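Peer 1: Below, each chain spelled out in residue letters.
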Amino acid sequence: MLPRMNRLKGMVAKVRLSFAPSSVLPDISPARGEIKPAVQSALLLQPSRLARTVATADLPPCGGDVRQDRGGQRRAYAAAIFVLYAALPANAADLPRVMSLNVCTDQLAMTLAAPGQIVSISNLASDPGLSFMHEEAATYPKNRGLAEEVFLARPDVVVTGTYSLHNTTDLLKHLGFHVEEFAYSQTLDTIPSEIRRMGEILHREAKADEVATRFESGLAAVKASVCGPAPTAIVYGQNGITQGAGTLGDSVMRAAGLKNLAAELGYAGMVPFPLELLIEHRPDIVILPRQLSTAPSLADLTLKDPALRALKGTRFGHFVPEGAWSCGGPFVLEAVKALAKVRQQVSPCPSSGAPTQ
Amino acid sequence: MIEARNLSVDLSSRRVVSGISLGLVPGTITGVLGPNGAGKSTLMRALAGQIASTGSIAVDGRELASLSFAERARLVAHLPQARIISWPLTVRDLVGLGRMPWQGVSRAFSNGDRALCTEAMEMMDVAGLAERPATELSGGEQARVLAARAIAQDTPVLLADEPASGLDPAHQMTMMAGLRKLAAKGRTLLVSLHDLTLAARWCDRILLMKEGRLVAEGAPADVLTAERLGEVFGILAHIDHDAGGMILAPVALAGGTAHREARP
Amino acid sequence: MTPLRLNLALAALTAVLFVLSLLIGPAHLGPVASIRALVAGGDEATRIIMREIRLPRALLGLMVGASLGLSGAVLQGFLRNPLAEPGIVGVSAMASLGAVIMFYSGLAGASLYALPAGALAGAFLAVIVLLAIAARHGSTLTLILSGVALSSLAAALTSLALNLSPNPFASYEIIFWLLGSLKDRSMTHVAIALPLIAAGGALLATTGRALDAFSLGEEGAESLGIDRRRTRLFVIVGTALAVGAGTAVTGAISFVGLVVPHMLRPLTNRMPSSLLLPSAMGGAALLLAADIVARTAVRAGELNVGVVTALIGAPFFLWLIVRSRREIF
Numbered sequence: 000m001l002p003r004m005n006r007l008k009g010m011v012a013k014v015r016l017s018f019a020p021s022s023v024l025p026d027i028s029p030a031r032g033e034i035k036p037a038v039q040s041a042l043l044l045q046p047s048r049l050a051r052t053v054a055t056a057d058l059p060p061c062g063g064d065v066r067q068d069r070g071g072q073r074r075a076y077a078a079a080i081f082v083l084y085a086a087l088p089a090n091a092a093d094l095p096r097v098m099s100l101n102v103c104t105d106q107l108a109m110t111l112a113a114p115g116q117i118v119s120i121s122n123l124a125s126d127p128g129l130s131f132m133h134e135e136a137a138t139y140p141k142n143r144g145l146a147e148e149v150f151l152a153r154p155d156v157v158v159t160g161t162y163s164l165h166n167t168t169d170l171l172k173h174l175g176f177h178v179e180e181f182a183y184s185q186t187l188d189t190i191p192s193e194i195r196r197m198g199e200i201l202h203r204e205a206k207a208d209e210v211a212t213r214f215e216s217g218l219a220a221v222k223a224s225v226c227g228p229a230p231t232a233i234v235y236g237q238n239g240i241t242q243g244a245g246t247l248g249d250s251v252m253r254a255a256g257l258k259n260l261a262a263e264l265g266y267a268g269m270v271p272f273p274l275e276l277l278i279e280h281r282p283d284i285v286i287l288p289r290q291l292s293t294a295p296s297l298a299d300l301t302l303k304d305p306a307l308r309a310l311k312g313t314r315f316g317h318f319v320p321e322g323a324w325s326c327g328g329p330f331v332l333e334a335v336k337a338l339a340k341v342r343q344q345v346s347p348c349p350s351s352g353a354p355t356q
Numbered sequence: 000m001i002e003a004r005n006l007s008v009d010l011s012s013r014r015v016v017s018g019i020s021l022g023l024v025p026g027t028i029t030g031v032l033g034p035n036g037a038g039k040s041t042l043m044r045a046l047a048g049q050i051a052s053t054g055s056i057a058v059d060g061r062e063l064a065s066l067s068f069a070e071r072a073r074l075v076a077h078l079p080q081a082r083i084i085s086w087p088l089t090v091r092d093l094v095g096l097g098r099m100p101w102q103g104v105s106r107a108f109s110n111g112d113r114a115l116c117t118e119a120m121e122m123m124d125v126a127g128l129a130e131r132p133a134t135e136l137s138g139g140e141q142a143r144v145l146a147a148r149a150i151a152q153d154t155p156v157l158l159a160d161e162p163a164s165g166l167d168p169a170h171q172m173t174m175m176a177g178l179r180k181l182a183a184k185g186r187t188l189l190v191s192l193h194d195l196t197l198a199a200r201w202c203d204r205i206l207l208m209k210e211g212r213l214v215a216e217g218a219p220a221d222v223l224t225a226e227r228l229g230e231v232f233g234i235l236a237h238i239d240h241d242a243g244g245m246i247l248a249p250v251a252l253a254g255g256t257a258h259r260e261a262r263p
Numbered sequence: 000m001t002p003l004r005l006n007l008a009l010a011a012l013t014a015v016l017f018v019l020s021l022l023i024g025p026a027h028l029g030p031v032a033s034i035r036a037l038v039a040g041g042d043e044a045t046r047i048i049m050r051e052i053r054l055p056r057a058l059l060g061l062m063v064g065a066s067l068g069l070s071g072a073v074l075q076g077f078l079r080n081p082l083a084e085p086g087i088v089g090v091s092a093m094a095s096l097g098a099v100i101m102f103y104s105g106l107a108g109a110s111l112y113a114l115p116a117g118a119l120a121g122a123f124l125a126v127i128v129l130l131a132i133a134a135r136h137g138s139t140l141t142l143i144l145s146g147v148a149l150s151s152l153a154a155a156l157t158s159l160a161l162n163l164s165p166n167p168f169a170s171y172e173i174i175f176w177l178l179g180s181l182k183d184r185s186m187t188h189v190a191i192a193l194p195l196i197a198a199g200g201a202l203l204a205t206t207g208r209a210l211d212a213f214s215l216g217e218e219g220a221e222s223l224g225i226d227r228r229r230t231r232l233f234v235i236v237g238t239a240l241a242v243g244a245g246t247a248v249t250g251a252i253s254f255v256g257l258v259v260p261h262m263l264r265p266l267t268n269r270m271p272s273s274l275l276l277p278s279a280m281g282g283a284a285l286l287l288a289a290d291i292v293a294r295t296a297v298r299a300g301e302l303n304v305g306v307v308t309a310l311i312g313a314p315f316f317l318w319l320i321v322r323s324r325r326e327i328f
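Residue numbers (numbering that gives the first Met the number 0), protein chains in the order written: chain A, 0 to 356; chain B, 0 to 263; chain C, 0 to 328.
Don't read these hints as lab results, they were simulated from the structure. Keep in mind that a hint or two might mislead.
[Stated by the list, open to error] To spell it out: a stretch of chain B is covered by chain C in this simulated footprint if at least three of its residues, at any positions, have a beta carbon under 8 Å from a beta carbon of chain C; those stretches are:
1) 82 to 95
2) 110 to 116
3) 204 to 218
[What the hints assert, rightly or not] Derived, one-sided and incomplete: chain C residues facing chain A with beta-carbon distance under 10 Å:
4) Leu22
5) Pro25
6) Ala39
7) Gly40
8) Gly41
9) Glu43
10) Glu217
11) Ala296
12) Asn303
13) Ala313
14) Pro314
[Claimed, not checked] Simulated restraints, written as ranges between beta carbons of each label pair:
15) B:Pro132 / C:Asn162: 45 to 53 Å
16) B:Gly54 / C:Thr205: 29 to 37 Å
17) B:Thr134 / C:Leu317: 20 to 28 Å
18) C:Pro194 / B:Met172: 19 to 27 Å
19) C:Leu317 / A:Pro140: 28 to 36 Å
20) C:Asn6 / B:Val214: 32 to 40 Å
Note that the structure is predicted; figures quoted are calculated from it, not measured. The beta carbon of each residue, even a glycine, is placed where N, CA and C say it ideally should be.
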């Protein structure tokens, strides 16, 4: 821990040398006429440039779970050091005030935060297509993921995804904000640890442990109920994007007792899956995404392809509750349960009674 | 036989041809002379039915306006002044285009079609170039090939717009001799020219135009007087005669006393 | 080469590529089983793959390729310009724009049938603008510059229209509209495009005689009894129908109409009319071949077929410009 802390100290010190001290940052305004050109460009020009890139940076690379962030490595965790240097005002309840810029961290924060602890969450949190907790999200202030908004709100900690707003993230870090990045939860296995990590950031460890434990036991119960031969299933999203091996969707399908056709055929990650192969292998279940918008797109039309619909004996449906597996969070259990129910209908357990709830 | 009565043409609301009446006789070559912008080309295009005009035009007693495009093309051939050859067609294929108005949908060439094309090529001294791509020929050769196309169209009336310009002296003669042969076959020819001697010696009649109007009409010797050449072209010409006809050589710009003094 | 031999050779080539197109795909079916399933049915999966996935794709390659080759040959003949082509002169891009506006605005619901209406309108507009500018001041440079302007404007407006769509997938569909694709087209697409392409192709095919006459310029053509206005109308409507309908279902595919007439012209007597049928077949062959390359060139997924035709066509285009630069400037 020590070498890391030293490195961070050095970094923050450098920031203070080349720019204004982070403690006075929010007070700088062009009207005072005291700002050096470098600072000016960092404060005034950058955000406007970011505002443009943000609009596209947060869009999907492709396929089903669009607009969410993906992949990446966890950064050094050193909130205490930051507070020392930043000297930002402390929260009345002595809990760090958090601002979330990403739809996945939004939901983890909402799950664990104490009342008043959340400064704002991203506006995507209230999009029912992406956010399982879109109803809860209605009660929180929203941000658009802009660095300017963070400056104005002065949160103790900013939580966001690894890739979604990396320009904003870099800028915020550069200017001394405490930013915590969350990698896109790749599988069910990483969810409990992500919950606990968010608990630490929010100083809500007990609550996090409770939520994570409940998730783990719920998952174990579903897994225990799996029986019989596993039906084949595949996610066939807009433009034929599937959830291959290593994705959250793949781990959810396996936990629910389904064989993921895409993974079986060697497809990994979120990749396009040829329609021909889908027809050739005739999976028992085709999981279709919900439309993200009522506005037309060719991508949505791929789901209505006559060839797909010509498959007899295949069950087509959304099956998974909206937004339930777009992000890693305790609610992914709902996705597992929903698919387990479909599996039970397609391939009922030989014993009597429904093993899942 | 082509007759026009009170023919006027407006281009972009400017009167380019103004109230011209003429009657061209089969078996003759009529030359149209006049300075640049006198309306010669416009007159020809109007007579070919290509641009809107007022007044009336009749070919062999039939109103031009009442004819279909194809019927018109079987009566009147027009050799445009602009020499356009867009693709490297062989000379034979290019001249063969002249047969288009006479061919059905299949555009098959009859022996008669081929004979007419060969005759037209020989008349214009381009038969030896028959298999060459027309785009690779010299300017003068192209002019003769295009004229052969119009001749191959085998129409009672041929309107040739400056067919001899840009040709070397020998081929100017070839061109005019070819047109004379057509006239001898009973065709009606209207030919615009800039070479006064060529016009005087090869044409039966001359139409002299200036600013869209017909200034004079008649036999070359009657029309091409030194006075008229001064009026219409603004030039001083030396006029002579030999056994074959007139020889006209422009020698100076007309103007002031020099004009009067130099008069023969 | 005699016209008959040339046409037979091109027909054979097109047929081979059509069959090859039917036999290529990620599902390993085997040639005999594939053709049997296509003709006689058979097990469900093979039948669906052949009849609902591969057949429409091959048919569209054939139809759209033919329409592009034919309209390229007609435009070149009519404008007396070897660089004219629906893609280069902006007709395809404008057709895309029309389809995009019609479809993404939701004017006709999220229906495929809305696409051709918009595409035809865009293509009409483009051809009319183009002929108004380029046919009047007929230099090659004017034509190319008008095409560049029209294409750029259409591409920009297409991007704008797609970015304005609230559907997050829409902005990713820019690439489809600008660099077309035959991927996962269905028989519905064929049904939408076929009648329009057939009508446009028929109109274009009747212009052969007039195009020959146009070799002598407009006055020369009129002298040969050609109705210039009617020819112009047929070229406009025919090109708009053929290119518009194709673009509506496959996106803009460029350069087919440029490359094909050029490669085939030396094999004919160079009369525009003798280039029409060969260019239609050659266009079909080229697009089918390009689509086969698009499917097999990269292991993961596939390329947009417009990328392949542009990779072939753009260098060719440059070479043509270099070769004929004196003529252009």
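Peer 1: Next step is simple, just say for each hint if it's right about the structure.
Peer 2: Status of the hints after comparison with the structure:
Beta-carbon proximity to chain C at under 8 Å applies to 9 residues in the stretch 82 to 95 of chain B; the threshold of 3 is reached and the given coverage holds. Coverage of the stretch 110 to 116 of chain B by chain C is violated. Counting CB-CB distances below 8 Å, 0 residues qualify, and the rule asks for three or more. As drawn, the stretch 204 to 218 of chain B meets chain C at 0 residues by the rule of a beta-carbon pair under 8 Å; below three, the given contact is violated. Hint on C:Leu22 is violated. Least Cβ distance to chain A is approximately 12 Å, over the 10 Å limit.
For C:Pro25, the interface hint holds, since its Cβ comes within 10 Å of a Cβ in chain A; the closest pair sits about 4 Å apart. The criterion of a C-beta within 10 Å of any C-beta in chain A is not met by C:Ala39, whose closest approach is roughly 17 Å, and the hint is violated. With its C-beta approaching chain A no nearer than about 12 Å, C:Gly40 sits outside the 10 Å limit, and its interface hint is violated. With its C-beta approaching chain A no nearer than about 13 Å, C:Gly41 sits outside the 10 Å limit, and its interface hint is violated.
Contact between C:Glu43 and chain A, as hinted, is supported at the beta carbon level, the nearest pair being about 6 Å apart and thus within 10 Å. The interface hint given for C:Glu217 is broken, as the beta carbon of that residue sits about 42 Å from the closest beta carbon of chain A, more than 10 Å. Taking 10 Å as the C-beta contact cut-off toward chain A, the hint placing C:Ala296 at the interface is violated, the least distance being around 15 Å. With a cut of 10 Å, the hint placing C:Asn303 at the interface with chain A is violated, because the nearest CB-to-CB distance is about 13 Å.
The interface hint given for C:Ala313 is broken, as the beta carbon of that residue sits about 25 Å from the closest beta carbon of chain A, more than 10 Å. The beta carbon of C:Pro314 comes no nearer than 29 Å to any beta carbon in chain A, farther than 10 Å, and the hint placing it at the interface is violated. In this structure the supplied range 45 to 53 Å holds for B:Pro132 paired with C:Asn162, their Cβ-Cβ distance being about 51 Å. With their beta carbons about 34 Å apart, B:Gly54 and C:Thr205 fall inside the hinted range of 29 to 37 Å.
Take B:Thr134 and C:Leu317: their Cβ atoms lie about 22 Å apart, and the range 20 to 28 Å holds. Between C:Pro194 and B:Met172 the Cβ separation comes to about 60 Å, which falls outside the hinted range of 19 to 27 Å. For C:Leu317 paired with A:Pro140, a C-beta distance near 56 Å fails the hint of 28 to 36 Å. In this structure the hint that C:Asn6 and B:Val214 lie 32 to 40 Å apart at CB is violated, the actual value being about 57 Å.
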